[in-house]
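In the order they appear, the protein sequences are chains D and R. Taking my numbering, the leading residue of the first sequence gets 668, the next gets one more, and so forth. Taking my numbering, the leading residue of the second sequence gets 391, the next gets one more, and so forth.
Please note that a few of the clues may not be correct.
[To be verified] Far from chain D by the CB rule (all over 10 Å, computed), these chain R residues:
no.: 1; residue: Gln410
no.: 2; residue: Thr414
no.: 3; residue: Pro418
no.: 4; residue: Asp423
no.: 5; residue: Glu424
no.: 6; residue: Phe427
no.: 7; residue: Phe428
no.: 8; residue: Tyr430
no.: 9; residue: Val431
no.: 10; residue: His446
no.: 11; residue: Thr469
no.: 12; residue: Lys475
no.: 13; residue: Thr477
no.: 14; residue: Lys482
[To be verified] Restricting the straight-line Cα-Cα distance to at most 30 Å, the calculated cross-link-like pairs of lysine-lysine (DSSO-like) are:
no.: 15; chain 1: D; residue 1: Lys767; chain 2: D; residue 2: Lys714
no.: 16; chain 1: R; residue 1: Lys419; chain 2: D; residue 2: Lys714
no.: 17; chain 1: D; residue 1: Lys714; chain 2: R; residue 2: Lys475
no.: 18; chain 1: R; residue 1: Lys438; chain 2: R; residue 2: Lys478
no.: 19; chain 1: D; residue 1: Lys769; chain 2: D; residue 2: Lys714
no.: 20; chain 1: D; residue 1: Lys767; chain 2: D; residue 2: Lys737
[As the list claims (entries may be wrong)] On the chain D side, residues computed to face chain R include the following (Cβ under 7 Å):
no.: 21; residue: Pro730
no.: 22; residue: Ser745
no.: 23; residue: Arg800
no.: 24; residue: Gln815
no.: 25; residue: Thr816
no.: 26; residue: Asn817
no.: 27; residue: Gly822
Hints listed in this document are in silico derivations from the structure and should not be mistaken for laboratory results. Even glycine gets a Cβ: it sits at the ideal position worked out from N, Cα and C.
One letter stands for each residue in the lines below.
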Amino acid sequence: MAEFETVHPLGDLDQLLADHAHHGEGAPGVQLSIRTQAACVQLFSRKGRHEDVAKALKLNASPGVASASKSHTALPLSPGQWMVTSNQSADRLAAKLQAKIKDMGYVSQQGDARVCFRIAGPSARDLMARGCRLDLDESRVGTGFCAQTNMAQVGVLLHQISDEPAYDLYVYAGFARSFFHWLSHTAAQFGYRIDKL
Amino acid sequence: MHQIDCPWCGTRDEAEFQYQGDATVQRPKPDADEETFFRYVYARENPKGWHVEWWHHVAGCRQWIKVVRNTLTHEIDSTGGPQSKLTKPDEKGGTKS
Ligand SMILES: [Zn+2]
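Chain D with its partners taken away, still in its complex shape:
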């Protein structure tokens, strides 16, 4: 059987960061961090088992609000579907979730399929306003807010991780390079630093 070399759209991230590590003088307005192997697992419940799955894993099932435990964070995607993210390995997380929900649903490991872009710093909200159609004003949403939407014509799963504010954006790996270009270009006006997450 032929051997295939796996190619990641941000496979040359080290070189990319060397070329774009920072922009602007003085303290950066935006701190960007990138993780290419985002530890995330998509969780689907079987028909009619939405509430059972939510109960078994103590997940919030209503839209727009993440639920966090010590080991993982669950972002509701649609009725009976969540993206579960974690600091541990995606494989271990997937196995653990499947064991807990038994035949109520199933999991799909998304570690290779998503790239996580973290946006922080004093101008984080202003940067988001350049590309995100959702109202992210602090009077409307805070830590734990999550939503799927489009930014720069790329589908993103948005999660506000702190009131600072800071945001994690999960982007399909295939669009990550295009998204990186938009992000670095748009962040230039605020001054930025980029590193690995």
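Starting from the known structure of chain D, arrange chain R with the ligand on it as the hints suggest.
Below, chain R with the ligand without anything else, positioned relative to chain D:
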């Protein structure tokens, strides 16, 4: 630009949705004749006024929703899930547009 009320996600920009056509079309019985199936697949009304239609929230929750929209004024009267029985304002006894 429309703002569409997704029953799950809340009010979102039209750019997150894809139009998917007339939501009142019913699939014919399997033994229906060819002409009936032809009309089911290809023939659509092109109304000026209220229209019950499918929109796919492709950049959000990925669910299909029903939207009652006025093709003339772009006003949206109501939205709901696939099971919702939505009525056009001019069928509720209101004024015809
Ligand atoms: Zn939706």
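Does Pro418 of chain R really sit off the interface, with its C-beta more than 10 Å from all C-beta atoms of chain D? 26 Å, holds
Is the hinted pair Lys419 of chain R and Lys714 of chain D satisfied, with a Cα-Cα distance of at most 30 Å? 26 Å, holds
Measure nothing beyond the straight line between the CA atoms of Lys438 of chain R and Lys478 of chain R; if it is 30 Å or shorter, mark the hint as holding. 13 Å, holds
Checking one constraint from the list: CA of Lys767 of chain D to CA of Lys737 of chain D, max 30 Å. Satisfied? This hinted pair holds, its Cα atoms lying about 16 Å apart.
Non-interface claim for Gln410 of chain R versus chain D (Cβ beyond 10 Å): 17 Å, holds
Mind verifying the non-interface call on Asp423 of chain R? Its CB should be farther than 10 Å from each CB in chain D. 34 Å, holds
Interface restraint verdict for Asn817 of chain D against chain R (beta-carbon cut-off 7 Å): 5 Å, holds
Closest CB-CB distance from Glu424 of chain R to chain D, is it above 10 Å? 34 Å, holds
Over 10 Å from every CB of chain D: does Lys475 of chain R meet that, or does the non-interface label fail? Since the minimum Cβ distance to chain D is about 20 Å, Lys475 of chain R lies beyond 10 Å and the statement holds.
Are all C-beta atoms of chain D more than 10 Å from that of Thr477 of chain R? 24 Å, holds
Just want to verify: Lys482 of chain R was marked as not at the interface with chain D; is every Cβ pair farther apart than 10 Å? About 29 Å separates Lys482 of chain R from the closest Cβ of chain D, which puts it past 10 Å; holds.
Find the nearest Cβ of chain D to the Cβ of Val431 of chain R and say whether that gap is larger than 10 Å. Non-interface label on Val431 of chain R holds, nearest chain D Cβ at 28 Å vs cutoff 10 Å.
Violated hints for the displayed structure: none, as all numbered hints are satisfied.
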